[in-house]
Amino acid sequence: MECLWKLENVSKKYDVKKGDEVLALNSVSFEILKGETFGVIGESGSGKTTLGKVMIGLIEPTEGKIYFRDTSLTDLRGKKLLNLRKEFQIVFQDPYRSLNPKMRVKDTVMEGIRDNTGMKEKREKVKELLGMVGIEPARMYDYPHQFSGGERQRIAIARALSTSPSFIVCDEPTSNLDLSVQAKILNLFLELKERLNLTYLFISHNIKVVDFIADRVAVMYKGRIVEYGEKVDIIKNPLHPYTSVLILSAFLRKADINEKEKSAGKGCAFYPLCIYAKTLCSEHIPQLKEIDKGHFVACFKRT
Amino acid sequence: MRVFIRRLKDKNRLSFVSLWILVFLYCLALLADFIVPYPYDLQHREYALCPPVLPHIFHNGRISRPFVYGIEIVNPAFKEYRQDTGKIYPLKFFVKGSERKILGIIKTDRYLFGTGNGKVFLFGTDNHGRDVFSRVLYGARISLSIGVIGVAISFILGLFIGGISGYFGGKVDAFLMRLVEIIMMFPFFYLMLALRAIFPANLSSVQVYLLIVVILSLIGWASLARIIRGMVLSIKEEEYVMAARALGLSSFRIITRHILPNTFSYTITALTLSIPDYILGESALSLLGLGIQEPYPSWGNMLSVAVGNLRVLTGAPWMLIPGFFIFLTVITFNFLGDGLRDVMDPKNW
Chain A
1 MECLWKLENV SKKYDVKKGD EVLALNSVSF EILKGETFGV IGESGSGKTT
51 LGKVMIGLIE PTEGKIYFRD TSLTDLRGKK LLNLRKEFQI VFQDPYRSLN
101 PKMRVKDTVM EGIRDNTGMK EKREKVKELL GMVGIEPARM YDYPHQFSGG
151 ERQRIAIARA LSTSPSFIVC DEPTSNLDLS VQAKILNLFL ELKERLNLTY
201 LFISHNIKVV DFIADRVAVM YKGRIVEYGE KVDIIKNPLH PYTSVLILSA
251 FLRKADINEK EKSAGKGCAF YPLCIYAKTL CSEHIPQLKE IDKGHFVACF
301 KRT
Chain B
1 MRVFIRRLKD KNRLSFVSLW ILVFLYCLAL LADFIVPYPY DLQHREYALC
51 PPVLPHIFHN GRISRPFVYG IEIVNPAFKE YRQDTGKIYP LKFFVKGSER
101 KILGIIKTDR YLFGTGNGKV FLFGTDNHGR DVFSRVLYGA RISLSIGVIG
151 VAISFILGLF IGGISGYFGG KVDAFLMRLV EIIMMFPFFY LMLALRAIFP
201 ANLSSVQVYL LIVVILSLIG WASLARIIRG MVLSIKEEEY VMAARALGLS
251 SFRIITRHIL PNTFSYTITA LTLSIPDYIL GESALSLLGL GIQEPYPSWG
301 NMLSVAVGNL RVLTGAPWML IPGFFIFLTV ITFNFLGDGL RDVMDPKNW
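Order-wise, the sequence lines are chains A and B. If you count by this note's numbering, then the first sequence holds residues 1 to 303, one letter each, in order. If you count by this note's numbering, then the second sequence holds residues 1 to 349, one letter each, in order.
Hints are computed from structural coordinates only; laboratory data are not their basis. As the structure is a prediction and not an experimental result, all values here were calculated from the model. Hints are supplied without guarantee of correctness; some may be wrong.
[Said to hold, decoys possible] The list that follows gives simulated cross-link-like pairs (lysine-lysine, DSBU-like), each with its CA atoms no further than 30 Å apart:
1. A:106 <-> B:11
2. B:236 <-> A:17
3. B:347 <-> A:125
4. A:17 <-> A:222
5. A:127 <-> B:236
6. A:122 <-> B:347
7. A:17 <-> A:120
8. A:122 <-> B:236
9. A:18 <-> A:34
10. A:6 <-> A:208
11. A:79 <-> A:17
12. A:80 <-> B:11
Please build the complete structure, drawing on both the sequences and the hints.
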């Protein structure tokens with residue numbers, strides 16, 4: 001498959017105080033193929049947002065080379081860079097901060113449309129884009145505060161699509177939304193990808209979201225990529241200890257209190273949270289058994 | 001616009017009323033040529049410092065059409081006057097007189113009101129026997145326009161320079177902010193005097209007027225630019241500005257469409273709140289004799305004559321009426337500013 005992005009040893013340094021510096025990105029290298037969804041996971045402060053912003057040119061990298069379709073972005077300046085920018089867009093995390101509160105939705109979406117067409121054609125395009133993301137085109141004269149969080153995120157997506165990009169950075173686009181809305185927005189992303197041949201860099205701290213949407217996954221920790229590869233490999237067979245911890249914590253089952261109480265006394269106490277739980281565990285209490293010499297465990301998985 | 005005014009009415013009644021008071025004042029100023037009974041420089045020598053002569057509608061206990069009594073001079077040396085109830089001059093509307101031009105465009109030989117042979121001094125006369133009412137209306141032209149024009153100039157400068165300074169940062173920011181500090185370092189009043197002193201003293205009224213506007217705006221932009229810069233610094237980190245940059249919009253467009261509009265809830269208020277500074281600034285210059293020169297009236301120089309004359313304060317308080325108009329304008333602009341801030345924010349609709 002065609003390689004869309006190539007990053008070579010990209011670093012971003014921030015001076016905190018005199019002489020004191022923070023490496024938000026520490027020689028990050030990877031490639032993104034055309035048409036894939038590249039997931040990036042990591043805890044807050046791991047540099048995943050910085051990575052997204054560096055790629056689309058909102059932040060200048062301190063070191064390293066970034067290639068988009070074999071064009072070096074780090075060497076581009078001025079008009080050529082502005083023109084290339086149409087090719088990649090970003091959808092931010094917080095839909096309450098990413099829309100200009102003083103602008104009508106119509107104007108927000110229209111700004112990215114820069115074909116040399118008249119007002120009428122532009123307005124038609126806005127309607128089309130809004131329809132594509134599931135916003136009633138008749139509401140285009142409303143202001144952002146008149147929309148719900150999910151609707152705002154849809155508008156932000158419409159804005160990102162307005163330049164007809166081939167690549168979109170999704171910077172935790174669902175983490176500020178309700179659970180039910182999250183699923184809808186994720187489905188919208190998948191649908192748009194099919195329809196418009198998009199490539200995504202999907203940033204998230206939620207491994208379940210990445211598991212749902214990504215094809216390949218990179219795991220970041222303190223500015224470095226510690227592991228990356230096919231999603232299935234990463235999630236089924238994490239090799240880096242940090243990845244294991246991340247996956248384990250995410251897949252620990254969250255049970256409601258009712259279930260906890262029901263299971264108490266009946267089965268294994270850890271059953272509601274356990275990722276290896278089976279029906280056996282909810283019915284019987286595992287007894288402590290010696291596995292190695294002097295090493296006891298009470299779990300059916302081991303015995 | 002109509003929606004805008006309706007919102008103002010619903011949100012903030014006080015500022016809605018203020019808006020209409022201001023509209024009324026501006027209409028008076030615009031139509032001064034038609035409304036006033038006397039030209040601003042017409043001297044009624046024998047009636048200097050005459051108290052207000054107001055129209056009556058009751059005569060001998062009976063309602064009649066509006067009229068004024070004649071003025072009897074009791075003691076010309078001490079400027080004592082008395083109503084002469086024996087002489088009655090009916091107040092006529094749309095009276096014919098010598099030809100004037102409204103705003104220098106429309107010719108008219110009829111005025112709103114007059115009394116023929118009698119005298120009608122609604123606000124009394126000044127020490128040269130000039131009608132204070134007529135002069136207040138003509139003076140309003142200077143005082144009301146100087147604020148709006150001055151504010152317009154200094155706001156364009158302040159928004160522009162503050163916006164550039166905050167958005168680009170770095171050396172541009174450092175240079176512009178030092179410039180602002182230099183201007184702000186001087187006490188307002190002395191800077192105004194110094195600037196006025198640079199220019200020649202014998203200028204025509206129009207030139208002086210323009211000069212005052214320029215001087216006041218050149219001083220006024222600095223503090224605004226600094227506040228705008230601070231707001232821009234925080235707004236440019238907002239995600240919608242990031243998104244606009246990602247769209248590949250020019251810096252100019254980002255500043256004018258995304259950043260500055262989001263400072264408006266502050267700037268609109270600051271704008272209306274600083275109009276009074278210009279009115280008072282003109283008054284201060286005129287008070288010191290450096291502003292609009294006699295015989296052309298402004299509220300400032302009318303007040304200056306009044307304050308400069310001790311007898312006025314005790315014996316002819318009506319000469320302080322321009323001060324009341326300054327007060328009224330200042331306070332209505334303040335209320336209007338409050339209301340506009342509420343209305344400018346889409347969230348409040």
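- Item | Unmet hints by their number, sorted upward, for this structure | 7, 9, 11, 12
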